[in-house]
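Q: Protein chains in written order, with this note's numbering: chain F, 1 to 293; chain P, 1 to 283; chain U, 1 to 360.
Bear in mind the hints are in silico, worked out from the structure with no lab data behind them. On a predicted model such as this, the values are computed, not experimentally measured, just so you know. Careful, some of the hints might be misleading.
Ranges between beta-carbon positions, derived for each pair [claimed, not checked]:
{"hint": "1", "chain 1": "F", "residue 1": "S211", "chain 2": "U", "residue 2": "T125", "range": "48 to 56 Å"}
{"hint": "2", "chain 1": "P", "residue 1": "I279", "chain 2": "F", "residue 2": "Q204", "range": "20 to 28 Å"}
{"hint": "3", "chain 1": "U", "residue 1": "P238", "chain 2": "F", "residue 2": "Q181", "range": "43 to 51 Å"}
{"hint": "4", "chain 1": "F", "residue 1": "Q181", "chain 2": "P", "residue 2": "F50", "range": "35 to 43 Å"}
Glycine included, every Cβ here is placed at the ideal spot set by N, Cα and C.
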Amino acid sequence: MHDNAVFSHKVLPYFLIAPQLIITLVFFIWPAGQALYQSFLIEDAFGFSVEFVWFENFIYLLEDPEYWNSVRVTFVFSALVALVGMILALLLAAMADRVVKGAGAYKTLLIWPYAVAPVVAAVLWWLMFNPSMGVLPFWMDLFGYDWNHYVNSGEAMTVVVIASAWKQISYNFLFFLAGLQAIPRSLIEAAAIDGASPFKRFWQIVFPLLSPTAFFLLVVNIVYAFFETFGVIHATTLGGPGSSTKTLVYKVYEDGFVGLDLGGSAAQSVILMIIVITLTVVQFRYVEKKVQY
Amino acid sequence: MVENRPWLTVTRHLVLILGVFVIGFPIWIALVASTNSSSEFVSGLMPLWFGDEGFGNFRRVLSNEERVLGVSVSASWMMWNSFIMAMVIAVGKIVISILSAYAIVYFRFPFRKTCFWLIFLTLMLPVEVRILPTYEVVASLGMLNSYAGLTIPLIASATATFLFRQFFMSVPSSLMEAARIDGAGPFKFFKDILLPLSVNNIAALFVILFIYGWNQYLWPLLITTDEDYYTIVMVIKRLMSAGEGNIPWNIIMTTTILAMLPPVIVVLGMQKLFVKGLIEQEK
Amino acid sequence: MATVSLKNINKTYANGHQAIENLNLDITDGEMLVLVGPSGCGKSTSLRMVAGLETISGGDLYIDDVRVNNLEPSERDIAMVFQNYALYPHMSVYQNMAYGLKNRKVPKDEIQKKVEKAAEILEITNLLHNKPGQLSGGQRQRVAMGRAIVRNPKVFLFDEPLSNLDAKLRVQMRIEIKRLQQEFATTAIYVTHDQVEAMTLADRLVVMNEGNVEQVGPPIELYEKPATQFVAGFLGSPAMNFLDASLNGNRLTLSPDVVLDLNDPNLPTGAHDLEVVLGIRPEHMEACDEAGADFTLSVDMIEPLGADTLLYGYFPGTDTLITSEQPGKQQFKRGHRLALRIDRERCHLFDKATGKRLGS
Chain F
1 MHDNAVFSHK VLPYFLIAPQ LIITLVFFIW PAGQALYQSF LIEDAFGFSV EFVWFENFIY
61 LLEDPEYWNS VRVTFVFSAL VALVGMILAL LLAAMADRVV KGAGAYKTLL IWPYAVAPVV
121 AAVLWWLMFN PSMGVLPFWM DLFGYDWNHY VNSGEAMTVV VIASAWKQIS YNFLFFLAGL
181 QAIPRSLIEA AAIDGASPFK RFWQIVFPLL SPTAFFLLVV NIVYAFFETF GVIHATTLGG
241 PGSSTKTLVY KVYEDGFVGL DLGGSAAQSV ILMIIVITLT VVQFRYVEKK VQY
Chain P
1 MVENRPWLTV TRHLVLILGV FVIGFPIWIA LVASTNSSSE FVSGLMPLWF GDEGFGNFRR
61 VLSNEERVLG VSVSASWMMW NSFIMAMVIA VGKIVISILS AYAIVYFRFP FRKTCFWLIF
121 LTLMLPVEVR ILPTYEVVAS LGMLNSYAGL TIPLIASATA TFLFRQFFMS VPSSLMEAAR
181 IDGAGPFKFF KDILLPLSVN NIAALFVILF IYGWNQYLWP LLITTDEDYY TIVMVIKRLM
241 SAGEGNIPWN IIMTTTILAM LPPVIVVLGM QKLFVKGLIE QEK
Chain U
1 MATVSLKNIN KTYANGHQAI ENLNLDITDG EMLVLVGPSG CGKSTSLRMV AGLETISGGD
61 LYIDDVRVNN LEPSERDIAM VFQNYALYPH MSVYQNMAYG LKNRKVPKDE IQKKVEKAAE
121 ILEITNLLHN KPGQLSGGQR QRVAMGRAIV RNPKVFLFDE PLSNLDAKLR VQMRIEIKRL
181 QQEFATTAIY VTHDQVEAMT LADRLVVMNE GNVEQVGPPI ELYEKPATQF VAGFLGSPAM
241 NFLDASLNGN RLTLSPDVVL DLNDPNLPTG AHDLEVVLGI RPEHMEACDE AGADFTLSVD
301 MIEPLGADTL LYGYFPGTDT LITSEQPGKQ QFKRGHRLAL RIDRERCHLF DKATGKRLGS
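Based on the provided sequences and hints, a complete structural model is requested.
A: Written out as structure tokens, the structure reads:
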């Protein structure tokens, strides 16, 4: 550690850290405090009257079936995005790990969606799933399935899940691949000498060793699905049909900017903050564990 | 390789090729759509092969001929805005993070731990959870519809600070001591030793942050009403709201290709550094 | 050309741990002073205080009669060679050696002259444009030395500079360092935990233990007349044997069967059943015939080293394992009974309670 190797200057470090700190205070801490404060207020849309109401906004929120619907939608959506993205990525990584020829080319061809904005991913899939002329409904029609995500809420959910997971596959793939390549070859060779078949080796040796990576990715993917997919919903379903794809973040935006319900939106923000803090703590617990390895 | 079973190798390649195909299919669709005319998207099956409108589509989008984008600015202008936003965010985040990590690792000062935890907190407060109050702060500072408003509120970074902190702590402390004996103060040590050693980290971080900045959606949506400050990613959504049947898919896909191109080029061009940086960022 | 003197130096860490207690040392001009001791004895801390890398909690540090307690390391005109060399990885060998001079605003052509001269002395001229990563351990060591000598400082400081090298290279570099230091006649402080290195390099040796100086003096003096049991046990390889004994006048009783009469006039007069420890080096027990022997060692284990052979066994009637060194040409077998005679002139007696040397 650097406990001895430090410069003895007293004022300089404050100058160095000031830009970061000022931006943090002005644009992060202060607004978060505001959200907390506003969540205890009821204000009419024109700002004429403000009333301090303690937990009324929260109580109202928790009694609102619309809010609970949104909670349910968010959890279903996040779980699906995480599972779809991770399973496909693991499959591809397991294949790529053992390929000798062309491994680099596959890697290149699989990682670029990382660079695509979620909203762009959503638009691409929205077109492909377009009920009247999209290529995927056209193929489904050949099997007699009538696709319409404008009316069918399950289908709408499917599109946003696929679009969100598609973008995330590259990220998961890179981490799974790194995790797989960090497993000592000698371990797999020992299992082979012990007579385990390739599939057994994967499930009994490789997969358990990969579980820290998988857990880490699970948290990252849930955070992604919770907070970074606003664009996906906003550009396509707008939370519909009905409220079947209205995630929590989309609802904060809608209630605050469209509905102008400041107190309600602030209360939702506070609840979201609690969720992020929980997820971050879980993630850091994991990091600490990994350090002990 | 432990053993060689030909059918296993073949299966692996087949799965990977299928994966590449499925992952790449949306791009194929986008490229094809950007070369067809809008009449191809009314009903029936969308085009699956290239048309001959490609040149026209890109020209019209890039120069906003006939107001195809539905706004008063061209795609080239919006790409410029996106570029400024991505660059300022990436460079800004790197600069303020490397400085604060330097302060935290190489100096001891009162409230050092407090500062560290304040920066750490930003990790738990993504813009999405404090949309409204952050908007109000930016509005009250008069930063709506400005490049400053688009970028400055986003350039605090806990992740980048942690990455540099981690890296600095892995630099042997004797290096700093040797530099002190060689007569280097804090500025010289930073400039002559630490910065050159951080080049790889900076480059990898740049890729990740450039993409982060370029792909911002919610933030520009909130704070820009003046079309002069629209970014390329934002405008796609505006084109989408034309209503079913009137959506100009060929124009949207052309714009989409333009919106994807710079970050994809950055990722593929700096692939090695980016992959290394991405994996290390989470350690 | 300089003298260094430490007066009542103390070091207490923020957590209250006292690393150094009242350290007094005077290093004369051109002298090589070696600080040696087990890890945690405070030798590195002392060196780092001289370098200015560690603050001094109390006392005064003088270099050439100037008090330097509050001077920056770069203002003390010292050069240091680190254990891990601390070469700047992104700079070439030339830049590494030139960096300190550049910061001191030495003109470019003069820097070049100095670096080239130092490189020549260290035989690394052909490496000047390589990066440290391309060098072997021994070459890096030379570059680190080069960085120190190029500045022609008042004092060289060495912080275990050889401990990252393999055994053969270590011997080679040890000789090199000695040669260079003598050639430049620069005052030097050298820290090591390796007693062989300490013995061979030192003009004067300082043995430290738990933040205190045990003994200071020329290596041979410390070897032949260790002032404490700690110094006696620390210096010499294989290590000295220690046997509990009781002293009555000049008569030393090791066991009912082994009684030695020492004729040392300096032993405390009138010692009566005084508990002492006898220290005797493995090479100071001679093989002899049964009649002249003090005791017989039943050999448990044999380590032939070529020139010598080390024999291990329990001192009769005790559970103390002792070592005896015998000429290598003789063949031994496990279970061999070896008659040994203790050299009376080479006995070291220590007070069991204080660990201090008794007699001469």
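Q: All hints are to be evaluated individually against the structure, with a verdict given for each.
A: Checked hints:
Checking the proposed 48 to 56 Å range against F:S211 and U:T125 shows it holds: the Cβ atoms sit about 55 Å from each other. Checked against the hint of 20 to 28 Å, the C-beta distance between P:I279 and F:Q204 comes to roughly 26 Å, which is consistent with it. Checking the proposed 43 to 51 Å range against U:P238 and F:Q181 shows it holds: the Cβ atoms sit about 48 Å from each other. Against the hinted window of 35 to 43 Å, the Cβ-Cβ separation of F:Q181 and P:F50 comes to about 39 Å, which satisfies the hint.
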